[in-house]
Amino acid sequence: TRQQPPPPSMVRDFVQKYKMELITSVADPDPLFDLLLHKKVLSDHSYSEIKALPTDEKKMSKLLMGPYLEAKPACDIVYDFLKKEQPYLVFDLLQK
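Count the sequence shown with UniProt numbering and you get residues 1 to 96, in order.
Keep in mind the hints are simulated off the structure, nothing from the lab. Using N, Cα and C, we set each Cβ at its ideal position, and we do this for glycine too. Keep in mind that a hint or two might mislead.
Below, simulated DMTMM-like cross-link-like pairs (lysine to aspartate or glutamate); rule was C-alpha separation at most 20 Å, straight line [stated by the list, open to error]: (1) 62 with 13; (2) 39 with 70; (3) 83 with 21; (4) 96 with 30; (5) 62 with 44; (6) 17 with 76; (7) 58 with 44; (8) 19 with 56; (9) 19 with 85; (10) 84 with 44; (11) 17 with 57; (12) 19 with 44; (13) 39 with 92; (14) 17 with 44; (15) 72 with 28; (16) 19 with 70; (17) 51 with 13; (18) 83 with 44; (19) 58 with 30; (20) 40 with 92; (21) 96 with 44.
Derived DEER-like restraints, expressed as beta-carbon distance ranges [said to hold, decoys possible]: (22) 51 with 95: 18 to 26 Å; (23) 24 with 47: 15 to 23 Å; (24) 47 with 96: 13 to 21 Å; (25) 88 with 35: 28 to 36 Å; (26) 85 with 65: 16 to 24 Å; (27) 51 with 71: 30 to 38 Å; (28) 84 with 19: 27 to 35 Å; (29) 44 with 91: 15 to 23 Å; (30) 21 with 84: 26 to 34 Å; (31) 57 with 84: 16 to 24 Å.
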């Protein structure tokens with residue numbers, strides 16, 4: 001059985017609610033930034049700024065605390081990426 005996608009408000013709420021945990025827990029976020037650039041969520045300039053930061057935590061902080069994820073489609077991209085690439089993290093957070 002295929003799992004139904006979460007309701008749109010749930011995705012945005014997930015990203016907002018677990019922002020701090022995502023900042024500290026997402027491992028190897030570079031493919032996420034590449035995807036966000038490809039999907040035009042990040043501009044070339046924003047992408048370069050984020051990628052230049054020294055740690056994954058600082059990169060995720062810049063992404064999640066900035067204006068980049070204000071649009072629902074951007075939250076969907078982040079959620080779908082995490083669910084596919086780091087499902088254990090999404091599962092753990094949803095169990096809280």
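Against the structure, the hints:
{"no.": "1", "hint": "62 with 13", "in the structure": "holds (18 Å)"}
{"no.": "2", "hint": "39 with 70", "in the structure": "holds (15 Å)"}
{"no.": "3", "hint": "83 with 21", "in the structure": "holds (15 Å)"}
{"no.": "4", "hint": "96 with 30", "in the structure": "violated (26 Å)"}
{"no.": "5", "hint": "62 with 44", "in the structure": "holds (15 Å)"}
{"no.": "6", "hint": "17 with 76", "in the structure": "holds (14 Å)"}
{"no.": "7", "hint": "58 with 44", "in the structure": "holds (18 Å)"}
{"no.": "8", "hint": "19 with 56", "in the structure": "holds (14 Å)"}
{"no.": "9", "hint": "19 with 85", "in the structure": "holds (17 Å)"}
{"no.": "10", "hint": "84 with 44", "in the structure": "violated (25 Å)"}
{"no.": "11", "hint": "17 with 57", "in the structure": "holds (17 Å)"}
{"no.": "12", "hint": "19 with 44", "in the structure": "violated (23 Å)"}
{"no.": "13", "hint": "39 with 92", "in the structure": "violated (27 Å)"}
{"no.": "14", "hint": "17 with 44", "in the structure": "violated (28 Å)"}
{"no.": "15", "hint": "72 with 28", "in the structure": "violated (23 Å)"}
{"no.": "16", "hint": "19 with 70", "in the structure": "holds (13 Å)"}
{"no.": "17", "hint": "51 with 13", "in the structure": "violated (26 Å)"}
{"no.": "18", "hint": "83 with 44", "in the structure": "violated (25 Å)"}
{"no.": "19", "hint": "58 with 30", "in the structure": "holds (12 Å)"}
{"no.": "20", "hint": "40 with 92", "in the structure": "violated (29 Å)"}
{"no.": "21", "hint": "96 with 44", "in the structure": "violated (36 Å)"}
{"no.": "22", "hint": "51 with 95: 18 to 26 Å", "in the structure": "violated (32 Å)"}
{"no.": "23", "hint": "24 with 47: 15 to 23 Å", "in the structure": "holds (22 Å)"}
{"no.": "24", "hint": "47 with 96: 13 to 21 Å", "in the structure": "violated (31 Å)"}
{"no.": "25", "hint": "88 with 35: 28 to 36 Å", "in the structure": "violated (19 Å)"}
{"no.": "26", "hint": "85 with 65: 16 to 24 Å", "in the structure": "holds (21 Å)"}
{"no.": "27", "hint": "51 with 71: 30 to 38 Å", "in the structure": "violated (21 Å)"}
{"no.": "28", "hint": "84 with 19: 27 to 35 Å", "in the structure": "violated (20 Å)"}
{"no.": "29", "hint": "44 with 91: 15 to 23 Å", "in the structure": "violated (34 Å)"}
{"no.": "30", "hint": "21 with 84: 26 to 34 Å", "in the structure": "violated (18 Å)"}
{"no.": "31", "hint": "57 with 84: 16 to 24 Å", "in the structure": "holds (22 Å)"}
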